[in-house]
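Student: The task is simple: from the sequences and hints, build the whole structure.
Note that full-length UniProt numbering gives residue 91 to position 91 of the sequence shown, counting from 1, and the numbers run on in steps of one.
Hints are computed from structural coordinates only; laboratory data are not their basis.
Each hint should be verified, as a subset may be incorrect.
Okay, the calculated beta carbon distance ranges per label pair [said to hold, decoys possible]:
hint, residue 1, residue 2, range
1, Asp79, Gly118, 15 to 25 Å
2, Lys129, Thr291, 16 to 26 Å
3, Gly27, Gly304, 23 to 33 Å
4, Leu142, Ala249, 24 to 34 Å
5, Asp125, Glu190, 27 to 37 Å
A quick note: this is a predicted structure, and the numbers were derived from the prediction, not measured.
For glycine and all other residues, C-beta sits at the position ideal for the given N, C-alpha and C.
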Amino acid sequence: MTSRTVLVTGANGFLGQVAAAQFSRAGWTTYGLTRKESSFPDLYRNEVIPVLGSAADPSFVKHLPTIDVVVNTTDDYRDAARHFQHVTSLFKTVAATAKERGGNKPLVLFTSGCKDYGMGSRHGDPNLKPHTEEDPINPPQLVAERTKAALSVFDHAEEFDAVVFRPTTFYGRSGSLYSPFFTLAEQAAETPERVLTLATTPNSVLHGTHVDDVASAYVAVAQSPREAVAGQVFNVSNKMYETIGDIAAVVEKSYNIKVQYKEPSGEKKVDIVDITINFPQWVGSEKLRKTTGWTDTKKSFIDGFEIYRKAYEQAVVDEDRGVDKMRNSLAFARMSVEEQAAIIAERGK
Numbered sequence: 001m002t003s004r005t006v007l008v009t010g011a012n013g014f015l016g017q018v019a020a021a022q023f024s025r026a027g028w029t030t031y032g033l034t035r036k037e038s039s040f041p042d043l044y045r046n047e048v049i050p051v052l053g054s055a056a057d058p059s060f061v062k063h064l065p066t067i068d069v070v071v072n073t074t075d076d077y078r079d080a081a082r083h084f085q086h087v088t089s090l091f092k093t094v095a096a097t098a099k100e101r102g103g104n105k106p107l108v109l110f111t112s113g114c115k116d117y118g119m120g121s122r123h124g125d126p127n128l129k130p131h132t133e134e135d136p137i138n139p140p141q142l143v144a145e146r147t148k149a150a151l152s153v154f155d156h157a158e159e160f161d162a163v164v165f166r167p168t169t170f171y172g173r174s175g176s177l178y179s180p181f182f183t184l185a186e187q188a189a190e191t192p193e194r195v196l197t198l199a200t201t202p203n204s205v206l207h208g209t210h211v212d213d214v215a216s217a218y219v220a221v222a223q224s225p226r227e228a229v230a231g232q233v234f235n236v237s238n239k240m241y242e243t244i245g246d247i248a249a250v251v252e253k254s255y256n257i258k259v260q261y262k263e264p265s266g267e268k269k270v271d272i273v274d275i276t277i278n279f280p281q282w283v284g285s286e287k288l289r290k291t292t293g294w295t296d297t298k299k300s301f302i303d304g305f306e307i308y309r310k311a312y313e314q315a316v317v318d319e320d321r322g323v324d325k326m327r328n329s330l331a332f333a334r335m336s337v338e339e340q341a342a343i344i345a346e347r348g349k
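Tutor: Okay, here's the thing in structure tokens:
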């Protein structure tokens, strides 16, 4: 029996690395696209075949066997339009190569996010309801280009089939956007007051999904009948959301600190903490569950807090690239609007 083949972009990233490993464990011949040879050892450990290159130059595709599925896990907020041009070119090249070889139309799994829907209500609000795939999109400016780009993958149905994923915020392993809970709690525990102040309210909704469960959703869709998934959008989320108050309670117990709240500053700047704790969303994933049989299996963030804390701390010891990236983002969030603008302008040169 011929093994199915998958190409995962951003295979050294937080989601990409886990997704590639999940496909490999499911029996797929898995290729991981990365720009750095230093990522090869981690890919090999997960029995993923490294491919050195980038979507900006898809000429490497001709050296691969025919690809059945492409999983796109990359993004670029600094130039989303150009990034999407590059990944679309990659999708088209994979499709054209498959056609030339007499293969089937490939399936593209494109990663967007639940923030495509915009903010929801807070816990206790009578208007609170889960976002579903039928809801209109209303993304914040930070992800608006990605939201638009994600939906445009459906414009190429003659060349490749596509599915758009809208996962909720990731947790687990090195922590992703949940890692500031650990970082800020550590810092608070080192002060005489032992107080962590969050610029939000305890009833703000935070709906997460463990990155392992997100990756397994990609495999579930890829292994489903094509006619059931092609052209569809799927939310990916835990069975139920948590609140900032829920999380604060376990943080206080774990670090022996006190969490207090204050009003958000309202500054128009890039702040990874603010967009995590002040962007309430309850996201439904019934469509994915009914279509593919997928379910989340990992503990929620609060139920598994202690092991997730240990995983994060080990990632710090290991000098994990994801931890460094999030700590840099946290430092950037603490800068003034003017300082951020100067750095963004310098990057654009």
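Student: Next, verify each hint and record whether it holds.
Tutor: Hint check results:
no. : hint                        : verdict
1   : Asp79 - Gly118: 15 to 25 Å  : 23 Å, holds
2   : Lys129 - Thr291: 16 to 26 Å : 21 Å, holds
3   : Gly27 - Gly304: 23 to 33 Å  : 28 Å, holds
4   : Leu142 - Ala249: 24 to 34 Å : 29 Å, holds
5   : Asp125 - Glu190: 27 to 37 Å : 36 Å, holds
The structure agrees with every numbered hint stated previously.
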